[in-house]
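Trainee: Keeping their order, the protein sequence lines are chains A and B. Position 390 (the first sequence) corresponds to 390 in the working numbering; numbering is contiguous. Position 602 (the second sequence) corresponds to 602 in the working numbering; numbering is contiguous.
In short, the hints are calculated from the structure, not lab data. Do not take every clue at face value.
The list treats identical chains as one, so a pair stands whether inside a single copy or across any two.
[Said to hold, decoys possible] When the alpha-carbon atoms are kept at most 25 Å apart in a straight line, the in silico SDA-like pairs for lysine to any residue are as follows:
no., residue 1, residue 2
1, K674, S141
2, K128, E430
3, K128, E527
4, K313, A378
5, K697, E264
6, K180, E264
7, K128, G533
8, K203, R692
9, K312, C198
10, K629, R90
11, K313, H208
12, K697, P406
13, K180, G533
2 protein chains.
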Amino acid sequence: MKSSEDAVSDGGFTIPGESSYEELTLDLARRWKADVIRDSDGTELSPELLKTGMEVYSTICIIRDHNEYALQHPSFQQQTILESRPSIARGRSLEIDLLAGYSREQFSVNTSAESVRLWQVFDRTTGKELPSSSWSYDEASGKLSIDGTVPYHVYSADFFAWRIWEEISMYNHVTNGWTKEHLMQLDPRYPEVRRYLCDWLDKWCISHPRTSVVRFTSLFYNFVWIWGDDSRRRDIFTDWGSYDFSVSPRAFDDFKAEMGYSLECEDFINQGRRNPNHMTHSRKIRDYIDFTCRFVSSFAKDLVGIVHSYGKKAYVFYDDSWIGLEPNGRYFQSIGFDGLIKCVFSGFEARLCAACESVDVHELRLHPYLFPTGLGGAPTFSEGGHPEEDAMLYWSRVRRAILRKPVDRIGLGGYLHLTEGYPEFVDAVEQIADEFRTIRDLHRESDVLSYDKKVLVLTEWGRIRAWTCGGHYHEHPDLDLINILEALSGMPVNVSFCSFDELPSALDGYDVLISAGTEHSAWSGGEAWADAGIIECISSWVDRGGVFIAAGQATMLRGYSTLLRMSHVLGVDLLDDRRLCEGRWDVQGREGFPAVIQALEHVVLTDPETEILSSDGIWPAVTRHGFGKGYGIYAASFRYSPESAAALRSLMGLDGSESGNPCVDIAVFPASGKAVAASQSGKEEVFSFHGRSMAIKPYGFEVIPF
Amino acid sequence: MKSSEDAVSDGGFTIPGESSYEELTLDLARRWKADVIRDSDGTELSPELLKTGMEVYSTICIIRDHNEYALQHPSFQQQTILESRPSIARGRSLEIDLLAGYSREQFSVNTSAESVRLWQVFDRTTGKELPSSSWSYDEASGKLSIDGTVPYHVYSADFFAWRIWEEISMYNHVTNGWTKEHLMQLDPRYPEVRRYLCDWLDKWCISHPRTSVVRFTSLFYNFVWIWGDDSRRRDIFTDWGSYDFSVSPRAFDDFKAEMGYSLECEDFINQGRRNPNHMTHSRKIRDYIDFTCRFVSSFAKDLVGIVHSYGKKAYVFYDDSWIGLEPNGRYFQSIGFDGLIKCVFSGFEARLCAACESVDVHELRLHPYLFPTGLGGAPTFSEGGHPEEDAMLYWSRVRRAILRKPVDRIGLGGYLHLTEGYPEFVDAVEQIADEFRTIRDLHRESDVLSYDKKVLVLTEWGRIRAWTCGGHYHEHPDLDLINILEALSGMPVNVSFCSFDELPSALDGYDVLISAGTEHSAWSGGEAWADAGIIECISSWVDRGGVFIAAGQATMLRGYSTLLRMSHVLGVDLLDDRRLCEGRWDVQGREGFPAVIQALEHVVLTDPETEILSSDGIWPAVTRHGFGKGYGIYAASFRYSPESAAALRSLMGLDGSESGNPCVDIAVFPASGKAVAASQSGKEEVFSFHGRSMAIKPYGFEVIPF
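Okay, chain A solo, but in the shape it has when bound:
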């Protein structure tokens, strides 16, 4: 498979360098037309590789690898808030071992006065906080004692704990059976730490003259990752998106000074449920996130300033300790990063990177990663692995997205020597790099053709978490919204994101509004739907011609006469157990709509005029309800496939596909007189363009002059 475009330009490709494999590195750099070589965390490029003429990216993790300083200043370490394991009172007093169940390698109790004054103890049976006079903490035993307990009530304490082992290195350490010293991590909330880190970066820049780009991996605070002390429950809590690992008594003080009101430990513990990215957030937590983003951006700007002062560029790799950096948030631009690097399996991830308007360089790190094993421990560069197939599969998804919205670079990561037994992989990457450069150059020549259809996705997060549901597709494939984002990522339409706070003005000029997600989720909005004003403005917008598409439990909120708050527009509602006595409207499907969307139990019509576009014979799968000049459309679920994406297009009022084949996307570059056909299918497909029928190879890519 060769691109039909013969003249392909160079560059736009980052290769990971590997010392001791200089010849291989240089050979592959030539094959893949790489213009950048990067080191990996904890490795250094050899002089041979540094003098190739390629640009050099150097990776740093700014808050880690300062154990000497951290040991001298243990109170500058990072913290979190933990909830002690809920304990049952049998009598009138109770002793609680605060760290019971938690990894004592990861945590130690912060027993300082500024910490203990913020602790809270709760009767979890009643939900009420105990007065601080009813409990005390004994540092010697590590036990908290409560007086005046009610027998059989359950109690727990919220307290600050030091995080004494940086979590990413902890993970690598444990996974690889390392025995070396545990790496600690510093909290830049303290001015002393900020000064220390600025000095350190200054020296680093001086000692790395060949580095042209400092690749931050990432910034200061990791996503939350709480480990247990029992092998039967190693993971206690993991969430890619919550800010629990940025908190400290100092952060509480700074918040109070800045916002004028106080946070409590329980705001973060939230009855033990914390505040995961996928759930709705209280106003206080949203304020805290914004506050943390401002702080992270402010200090990151200082660091980027130092990098720039040495004539180097600063890129950020968006992963791991990314908390507060939010590439599509309000403050990212103020940092001044020159580039954003995102690792991608899917189209929506490419769009997340491409959507960031404040960097010059958008770079995608493709998969597979050059590592012996891949997803779920499957073989990749080891026996039974087919890395070339993985590469083409992921690329076909990503390519679909970058045909609509360009990025500037691609690259690989990991250990280059692993490619040695896999010549097909080397060929595949050569082809991918060429296809990428073709797409990049077409975008440089002219805009890609797009429908005049503006689509708005409504979530609690809005633009700050545009094009993401908090992780890779394979981590939560059952989420309706991530599937919808993947479908949208390759569509020739204009896609934007908004939060509930931005309604109604955000709706102006949009044709389609999408809401998807489960009850209480940040995706569907939860309590936001209590606001009648939200319901009024969306209803009015539909009445005037808008198309409102709701999936799953979107708009659901209990306490009202319908479970779906937009039921009157959608013409459907969800049945809960309360409604089992009600008779349902017969479900009579319409011919012609593809059966690619799965029905859901307990979806019922509320209006006999609601059109059932598809159903399983008992429950509706897709419905359409006329409302004034617009429509309310309900999809019981959404799982991405080329066919379901075509169905979504038709629900938005477009043709199912440009090519007559949902597996073959066509991107038209009118000013260049060229179109690109790209197949997502692993087998040969037939498609048509401008009335001409053509075949395309598995995962094929064709540039078609017209």
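Since the structure of chain A is provided, determine the placement of chain B on it from the hints.
Mentor: Just chain B, lined up with the frame of chain A:
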């Protein structure tokens, strides 16, 4: 299959008489040793049948068949409260057609002043009631007008409607395509109606001298059954157990006078969800139910007094217009009924009848009903039907229960001539009648042996709805509690029922407490679990040695740190979406516990000490958690089978079965020196008794002297 008991006594059997089939009736009466002949609704026995010497039951439906009087006094008809179909305001005013969507053959609007003053209009988008000054009703158009609506909000009105067609006759009429006059129904809330009905019953008794038992079918108010006007949605709301068809402005006035506070229409409409039997009820609705039971019992007592004054007995058939009679409720005894008749498919229904302590005669009407078609329209006495197989299957279930707790009579209903082509059915009934009399006589000789194990079932209803979840087993086979009741119905243990109001004293002396049901259901208790006192007393009782068995979502209530409020005792909790980020304890099953209980997604351990008795490898199915001297046991679900019943016995601390075979129940009558073995299996089974191994035929019944 003959009973091994040769000498069988007579009687205890009620045969439905059929005029024009006198010879057949008399022949079958002899075969089945019937001692009672009954008429059916709307039929009269012929003189030949009346003079057989058998006792005669005559059926009356007291509130129906008085059309002449009802036409003269239309304001004495029964009523209900309806909610108008929710309507969307597009502007500042809105007109609502109150009866839109409802059957106008069943309902007409009660436009009297005493009715309209009680109507309520709601903004369903905000959940707020509108002031009565903002709406008015125009009788001529049947439209209600609202001023000052908010565009795109949804509005509905709660109003009183006459029920102008008695629902059971409506159903028979529509089903059978009748063209005769619609039967109306009277509301005995009015003293004039009560006087009229007493007079009528007086005359009826005089004109029916041969009747020895007046069989009331049933009393005054039907269960709720709301019909629509669209063939695509014939049923709008049906519930066997809610009191909606007993309400009227007069009932509201009487309630105020008796209880000292007022009811509102919205108490009954409840955001359109009404108050179905299976959901938790507000205190007001519970007060209303109690108030209605008092009224129904009081007037029923007057009627029974009239029957008794003619030397006749009064039995009640517990079905259809049964509202307020509640055979195991507080007021039933005061009526003075001599007998209770219950139609049965299952064991728990037999126990419901047997549990009523205030009647002399407990009679079961067996299935199949003598009608061409049976459950779900399946053939019974028509081509392809095997009524003898149905009869043995249902009997084997009922027999299991009456081995534990006796009833006094059995009988059949329907059209006797249908048996003509089914000699095997006639044989089967002969055998059933003989087995029944054997069991009846054994119970008369001595008590059946029972374990010293006292089991308490906790629901919102408590004793008032002992041994029922509001309908036949096949109507909601997925309900955990109905399955548990069916299992308990044939166990040699003492079973009682209690409500939350009766805790903690109700726990005294009990060994096992069972709670089962979905969130918010009357079975699991819903809001009752907000009361920390309930949690404390059950916890304390377990601590002292009690066994608490929870199934499904029992004890679930949102708003606290756990979803299951008894999580600390059970050692498990349910995950909702909020907890997706939490790591779970490994599920390691124990050998030996039968895999007869299905696991449920989202059940998680909260204590590593919780024992997993069975699981599907990912989610627990049955767990046991030591708590003091007792246990918290959680079953993710429960579906009745002989094997799951054996598992439930072992969870309660008993052997799985007396016979070594869960399909074969053994009831021991020590004073008689006899045991009964009864098989629920449709094939031959082997069992053991007193160390002796024996075979038993399909659905077999053996009396074993020992």
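Trainee: It remains to establish, for every hint, whether it holds in the given structure.
Mentor: So, going through the hints one by one against the coordinates:
1. K674 / S141: neither (74 Å within a copy, 66 Å between copies)
2. K128 / E430: Close neither inside one copy (62 Å) nor across copies (65 Å); limit 25 Å.
3. K128 / E527: Both. Shortest intra-copy (22 Å) and inter-copy (17 Å) distances satisfy the 25 Å Cα cut-off.
4. K313 / A378: neither (36 Å within a copy, 79 Å between copies)
5. K697 / E264: The answer is neither: 59 Å in one copy and 70 Å across copies each exceed 25 Å.
6. K180 / E264: neither (37 Å within a copy, 73 Å between copies)
7. K128 / G533: So K128 and G533 pass the 25 Å test across copies only (15 Å; inside, 33 Å).
8. K203 / R692: neither (62 Å within a copy, 92 Å between copies)
9. K312 / C198: within (15 Å within a copy, 102 Å between copies)
10. K629 / R90: Between. Shortest inter-copy distance 13 Å satisfies the 25 Å Cα cut-off; intra-copy 64 Å does not.
11. K313 / H208: within (13 Å within a copy, 106 Å between copies)
12. K697 / P406: within (24 Å within a copy, 77 Å between copies)
13. K180 / G533: So K180 and G533 fail the 25 Å test inside a copy (58 Å) and across (53 Å) alike.
This entry does not satisfy hints 1, 2, 4, 5, 6, 8 and 13, going by the numbered hints stated previously.
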